[in-house]
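Q: Each chain is listed here by its residues.
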Amino acid sequence: MTARELWARLKSLLGSRRNLDDLEEELHAHLAMEIEAAESSGVGRDEAVRRFGNRTTIREGAYESWTFARLESITMDIRLAWRALVNSPGFTAMAVLTLALSIGANSAIMSISDAVLFRPLPYADPDRVHVLLMLDKKTHKQYGFTPQDYLRALGESHSGISKAAVAEGGSALFHNGEPESVPATAVSAEYFQTLGVRPEWGRLLTAGDERAVVLSHGCWQQRFGGDRGVLGRRVHLGEANLEVVGVLPRGFVFPSWAAGRPEFVTLIDPLSASAQAGAVNPVVRLKPGVTRERAQAEIEALICPLAAQKPFAESETIPVLTDVRAQLYPIGRTIMRYLLVAAGLVLLIGCANLANLLLTRTQRREREQGVRAALGASWIRLIRPVIFESVLLGVAAAGLALAITSVGFDTLLQHVPAAAYGNAPVGLSGRVVAFTFALGLLGGLLFAVAPAWLCARLDSLALIRGRTVAGGWSSSRGGGLRNPMLVVQVALSVLLVFGAVIAIREFLAVLRLPLGFRPENVVTIRVAPPAGLTGLGRRDFYLRAISVLASRGDVVAVGAAGTLPLSGAAGDETVTVNRSRDGFAAVHIQPGYFEAAGIRLTAGQWPSGPGEAALAESFARSMLRGSDPLHAVVYDMKGRQYRVTGVVADVRMQPNHPLSGHAYIVSGESTRGLTLLVRTRTRHPTLLSELKREVRALAPGSPVVTAWWEDTIGALTYYRDPRFQTMVLGAFAALALGLTGLGTYGAVAFMVAIRWHEMGIRLAIGAAPRVLIRFLVRQAITPVILGLVIGLTAAFWVGHHRKVYDPSILVLAIVTVAVAALLAAYVPARRVSRIDPTIALRHE
Amino acid sequence: MQGTLEVLVLRSLQLGPNHAFGVARLIEQQSEQEFTVDNGTLYPGLQRLLQKCWITSQWKISPNGRRAKYYRLTPAGKKQLQTATSRWERFVEAMARVLATEAK
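Heads up: the sequence lines are chains A and B, in that order. Numbering follows our numbering, with no gaps: position 816 of the first sequence is 816. Add 1000 to the 1-based position in the second sequence for our numbering, that's all there is to it.
If you are wondering where the hints come from, they were derived from the structure by calculation, not from laboratory data. Don't take every hint at face value.
Label-pair distances were calculated between CB atoms; the ranges are [what the hints assert, rightly or not]:
#: 1; chain 1: A; residue 1: 365; chain 2: B; residue 2: 1003; range: 24 to 34 Å
#: 2; chain 1: A; residue 1: 22; chain 2: B; residue 2: 1065; range: 17 to 27 Å
#: 3; chain 1: B; residue 1: 1089; chain 2: A; residue 2: 365; range: 56 to 66 Å
#: 4; chain 1: B; residue 1: 1065; chain 2: A; residue 2: 51; range: 49 to 59 Å
#: 5; chain 1: B; residue 1: 1003; chain 2: A; residue 2: 251; range: 49 to 59 Å
#: 6; chain 1: B; residue 1: 1034; chain 2: A; residue 2: 456; range: 20 to 30 Å
#: 7; chain 1: A; residue 1: 55; chain 2: B; residue 2: 1067; range: 54 to 64 Å
For every residue, glycine included, the Cβ atom is placed at its ideal position computed from N, Cα and C.
All chains should be built: construct the whole structure from the sequences, respecting the hints.
A: In structure tokens form, the structure reads like this:
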């Protein structure tokens, strides 16, 4: 079709009215000429008219030959649907709101779970990227730390995988006016190449970039205002002066938990103690054509000889190629699945209720439809406005749902524990928008099915014979359809409410995991020892700070540690236990740490001075295999000995990992900075600045950063908050029940209202209004009760099967549905019983 | 045959602008009443030709003083008529050959 042709068609579409008039006039002239010719040749007028043919058919034929005629009839039907919606604003508002709420629940959950469950990871060929975890073949426990000799062996001899790229998360002091603690990660030179990431701007780190730093997209936007001139700028990170060389792309996620969500990325120091001992969650890329199974078999062939030389306890632990997603979101995937299921059930409730409402609405318009059918509308033309109506509703609801989600997303995110999504880039994206509109369209089509079916088999003859709304198909066939529909609607809603609540309860059960420590009322103080101090001097500085702070009246306990739980790093140093060959991460602490952090002692006693150590419970169990942990000895990198004096409870080191633990050593000298931990009696607002002043007095010139521990681990603590649990459960239950109540009300109210004509007759022949009301309510309630019974039976059956049981929510569901139905029956019944019989009769 | 009427309409308009009645008459006369043109197919055919921009239309006064809609061939229509004519000639020749061999 050329542009000119298209233009000709468009013009005809826009001026279709004029076109038709034009055609009419042309036909008229044609007929006149035909008659003239016929009369002059003596054939006669009638013969000429006969020869001319059926004018309507000619006109229709000419009109239809315009290809846009079909489109025009579609726009007409859309206009019809639009008018129908606008003419009943109450129905439209309720339908859109119902659907928007149930779709909104889905798009909100999807905006978080898309990144966790579905969206491909932002790497080149993401399926080939894997993380190495250590798996204990006997206990099936996983460990993050892979020893250096294993990594070396794999890097040198493995034919199917790239050299392991490693990243180590942590934090650094960013000097920009007031020094600030920022998340920072160090990566090995081949890291970004292994992932196949392209920079947003500038370049990424490669070998020899020891003095360079790469910014995260968020850091570039917030700290540097998205300025392109940031390349070449120098930033002070800790003690280093680094040059900005590039910016990571938006939505980039580090493939391992150990890397965290840094703002600054630097090159790893290959000589650092941790780098020499091994790596946490190293990342490898499978070479093209290499399957995971083949690569894994080769790993085992390479590692088994090495492992055989190791002591018994470690020989069973080998590196395993692990899916990045499974490693990144071990809990998040479960959580998001439960939430998606719950949201999906809520959507089903909304659709089921709306379908019934739309069905009754279609029935109300049976007369209009009957007339259209009698005038010769095909069944497609009959059902098209009905389908367009629901599609319009669906699209409007999707738009509203998006608006609600985008406005409320930040609030929502604050209430979803970070453990659910880890460091995934969450938020509204094009994918979520598409998903939302797809849901709207799908929902629209779904609940248009029943009314469309009804329209398609409309008996126009019965209508023309004068059957009324209460008589027509509503009672003979439609009534037979609607009453069961109401039963099904109520039964399904009860079952779905039950399902949604069960899904949410399971979701909360996943979250209800202990931290292992108590961050409430604890202040963390990051401080570097004054310049010039080394070794013992640094340790003494921290001990002095601890004793000064502990002397305050409002302080309960004070301690210090190099690495806090949930800070992203695994530990401060690599140690060995009982002369085994393998290294394990250990945390440097000073006495008082466990009391300040609120970590329980399970055996022995607290380590109280240099040369003493404590082991975490799970670490003691898995590494010592039954030998008494209290007689174990820990060796640090320099071969110094630490006597284990106690066993302490496990803590959550990383947000979505199970509880784990490690060794804690009280070191004689401190080579790295410690964080002071101060447990106070109450969370007093001025305390932060007071404590900061005290510490600053001890170390003039050193940057001091104070914060409430609870705040720094932020959203993570939400999952221990009963308010959050009540809120999630309450919100979902309220939404599900609200939708059910609305739907039941709509359906029942309509059922009663359409019988006003019949009621008028009953009133006219002397029925008492009170009796009428009772009669109507009883009739309307019967299918609701039947639905409740079926729904409850099904819910109990499911509950029995899945061994879940929640009577409170079922009682609530019964009450909601019953109240909604009673109210819906009573209010219109009262109105009906008050009508003037003469009006009802005259209306016919 | 598909498109036959359209070729006939284009051919009749080659003689000069004409209205629908005239076109129908012309085709009937030139085919010596072999073809009778049904208005139910003539009008959709004219609309299709208009859509393809092979003809244009204009209201004019006819010689006997009546307002009528006149159709006129466009340059694109002329070109189309040429290709259609040669296609038809090939078709007729081929038909004749086939029927001739059949007869022997």
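Q: Now tell me if each hint is right for this structure.
A: Checked hints:
{"no.": "1", "hint": "A:365 to B:1003: 24 to 34 Å", "result": "45 Å, violated"}
{"no.": "2", "hint": "A:22 to B:1065: 17 to 27 Å", "result": "20 Å, holds"}
{"no.": "3", "hint": "B:1089 to A:365: 56 to 66 Å", "result": "60 Å, holds"}
{"no.": "4", "hint": "B:1065 to A:51: 49 to 59 Å", "result": "23 Å, violated"}
{"no.": "5", "hint": "B:1003 to A:251: 49 to 59 Å", "result": "56 Å, holds"}
{"no.": "6", "hint": "B:1034 to A:456: 20 to 30 Å", "result": "47 Å, violated"}
{"no.": "7", "hint": "A:55 to B:1067: 54 to 64 Å", "result": "18 Å, violated"}
Comparing the model with each numbered hint stated earlier shows that hints 1, 4, 6, 7 do not hold.
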